[in-house]
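Number of protein chains: 2
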Amino acid sequence: MTNQALVLPWQDLHDFTKRVFVRLGLPEQDAVTETDTLMWANLRGVDSHGVVRIPWYVENTQNGIMNPTPDIRVTVETPAIALIEADRAFGPVVTNQAADMAVEKAREVGIGWILVRNHTHQGTMGQYVQRIANHDMVGMIFVCSRPNTAPFGASAAGVSNNPLGLSAPAGRHPHLILDMATSLVAMGKVLIARERGESIPVGWGLDENGDPAIDPRALATLLPVGGPKGSGMSLLFECMGSVMVSNPLVLPVLSGELSEGKTTGSHVGRMARHNQNCVVVAIDVSRFVDVEEYKAQVDQLIDRLKERPKAEGFEEILMPGEREERFYAERLEAGIPVPTATIAGLRKVANDLNVEFIRGVA
Amino acid sequence: MTNQALVLPWQDLHDFTKRVFVRLGLPEQDAVTETDTLMWANLRGVDSHGVVRIPWYVENTQNGIMNPTPDIRVTVETPAIALIEADRAFGPVVTNQAADMAVEKAREVGIGWILVRNHTHQGTMGQYVQRIANHDMVGMIFVCSRPNTAPFGASAAGVSNNPLGLSAPAGRHPHLILDMATSLVAMGKVLIARERGESIPVGWGLDENGDPAIDPRALATLLPVGGPKGSGMSLLFECMGSVMVSNPLVLPVLSGELSEGKTTGSHVGRMARHNQNCVVVAIDVSRFVDVEEYKAQVDQLIDRLKERPKAEGFEEILMPGEREERFYAERLEAGIPVPTATIAGLRKVANDLNVEFIRGVA
Chain X
1 MTNQALVLPW QDLHDFTKRV FVRLGLPEQD AVTETDTLMW ANLRGVDSHG VVRIPWYVEN
61 TQNGIMNPTP DIRVTVETPA IALIEADRAF GPVVTNQAAD MAVEKAREVG IGWILVRNHT
121 HQGTMGQYVQ RIANHDMVGM IFVCSRPNTA PFGASAAGVS NNPLGLSAPA GRHPHLILDM
181 ATSLVAMGKV LIARERGESI PVGWGLDENG DPAIDPRALA TLLPVGGPKG SGMSLLFECM
241 GSVMVSNPLV LPVLSGELSE GKTTGSHVGR MARHNQNCVV VAIDVSRFVD VEEYKAQVDQ
301 LIDRLKERPK AEGFEEILMP GEREERFYAE RLEAGIPVPT ATIAGLRKVA NDLNVEFIRG
361 VA
Chain S
1 MTNQALVLPW QDLHDFTKRV FVRLGLPEQD AVTETDTLMW ANLRGVDSHG VVRIPWYVEN
61 TQNGIMNPTP DIRVTVETPA IALIEADRAF GPVVTNQAAD MAVEKAREVG IGWILVRNHT
121 HQGTMGQYVQ RIANHDMVGM IFVCSRPNTA PFGASAAGVS NNPLGLSAPA GRHPHLILDM
181 ATSLVAMGKV LIARERGESI PVGWGLDENG DPAIDPRALA TLLPVGGPKG SGMSLLFECM
241 GSVMVSNPLV LPVLSGELSE GKTTGSHVGR MARHNQNCVV VAIDVSRFVD VEEYKAQVDQ
301 LIDRLKERPK AEGFEEILMP GEREERFYAE RLEAGIPVPT ATIAGLRKVA NDLNVEFIRG
361 VA
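The listed protein sequences correspond, in order, to chains X and S.
Each residue of the first sequence is one higher than the one before, starting from 1 at the first, in the working numbering.
Each residue of the second sequence is one higher than the one before, starting from 1 at the first, in the working numbering.
If you are wondering where the hints come from, they were derived from the structure by calculation, not from laboratory data.
These numbers were taken from a predicted model, which means no experiment stands behind them.
A pair holds if it fits inside one copy or across any two, identical chains being indistinguishable in the list.
Once the Cα atoms are required to be at most 30 Å apart in a straight line, the calculated DSBU-like pairs of lysine-lysine come out as:
#, residue 1, residue 2
1, K310, K189
2, K306, K295
3, K189, K306
4, K348, K189
Based on the sequences and whatever the hints tell you, model everything.
Set out below in structure tokens:
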């Protein structure tokens, strides 16, 4: 325990989180799914996607944006693809279903390519592609949201910074789990700089006037990774995930029919009224190659990569997802540090909803 | 015509190129396919992937690396996926087949996901995803090659800079065609700097010692776009495209069983002995949404994006593939400028193979 954080056993955080979501009206199983998503993030050091979000989920459920009892329906289906209407479901509830459906289809015909329309916040992408890798399959997911990133050549938002997840199953090593955004930096890094009162480098984002934001509080628009590369990927993802399912998220904002996905102001304000679409994919390794041979090759590839000469300033070469796995091993035993500001927000939720607070926290 | 280039009608270049590939032993239809690939690039201003490559194709055919009469076989197939053994085919010959197969499968079950193993150089990625977009489908392709890029944290090569293509069909506008590599810059930009004797910025690549290369001739290893992002995508692409089909291209190099894909030395030397795998994907728009509605939405999205406020130094906001479309419109009429050094290389090929040279060139 430090001055600024309580270190809590994950089980106690889990139990409290589940109580909140049950109270919000989610069926027990869905409350567990949502809770597991937040624990997945906190245990892996991705605290921006953990319990800190609970007050925002509460607000969005109470104002009708997140639907605790959605009517999730499959509206298009073939042996290989499906379109799922999520009815503003909590992201993890419908995305786990989509991932499992992708795995089932991949088992039958080698691939499952599932589009999900009209869902809400999903947490980390890593959890879904890990879920798929656990079935000895390669996983892919990308998500579409409202614009928060400047297209290459523009000084204001016009694309999202679509999170992308990719996975491949390993044997001795943890699965390879890439979880990235198409902006140069994710919004989490900007929020950390805001909290610390630090300035940010040119290239991260722009202010309301389209000038480089040095003060992270002035950042209104993110910049794409690699200029036309990140920008182009985002535009194509919107076409593949949103236009494809008649739920465009960029065009209505650029046409003035919907407000932008602002990055200024409070975290809650920034994300409010959001709506998303995603594509979830599984490919069955065993269709193409012996699974054990595949995993052994991935293991060896990891071994050899970690032996490459190190760049200046690097003591080791980390694989995608490796840092998060280390946090997981540590926090599973030692507990999850929760900043006192976050604790205060959670306490308010407990009071407002009249649910029992985190065990052992006064 | 300038001091340094002849401007030639594309038809004359086409006819000469076809004569070369027929003489190399490609069946007439395959010679046309390969020729069309080089014309596609030259007409669109991607001269690094045009006729300048002909001497290198000749050398690689004569030394047995590129197979003019491959035994292309489908070795795994379901309604949605396939694995094609390319038998060292010329890239375009087998990749067009793969793209057409992806389209056929997408027509039947919504998606076609085709893996191609053991092929050779494909030219630009844009041509394949454009081919798919022409069928009112969304296209994706990524390619695996030997390592030429430093994984994040390393000072020597350990991943490829896997070219990636994505497309979405438009209506009034040209289709959206993204064609990118996972390195910060493609090797073509380094080669141009070498030709011009210019220095290159820190961040593009490293020299043999792992230090930043300022002199482009010293560049031995490219750097990934966005650090762990480009690096992670490349590693996962290798796992999805190469390990998946038992034709790893990174591990044998890192294990010392194969030499690296050097970026130093001559262009021919750099690419010699190469071997590739790729994944080609088509998704049928009409399974999910009315095609005309889809294209109208993409058109409107493009219109609105181009109206966004411009960043400093930009007079307009270009869509992925738009610059290439402008070259195409211009060069189709005005001809293709071919540097005199390239002409000299082609003349040597004509003499060596005893084929008629480019019409009208003395």
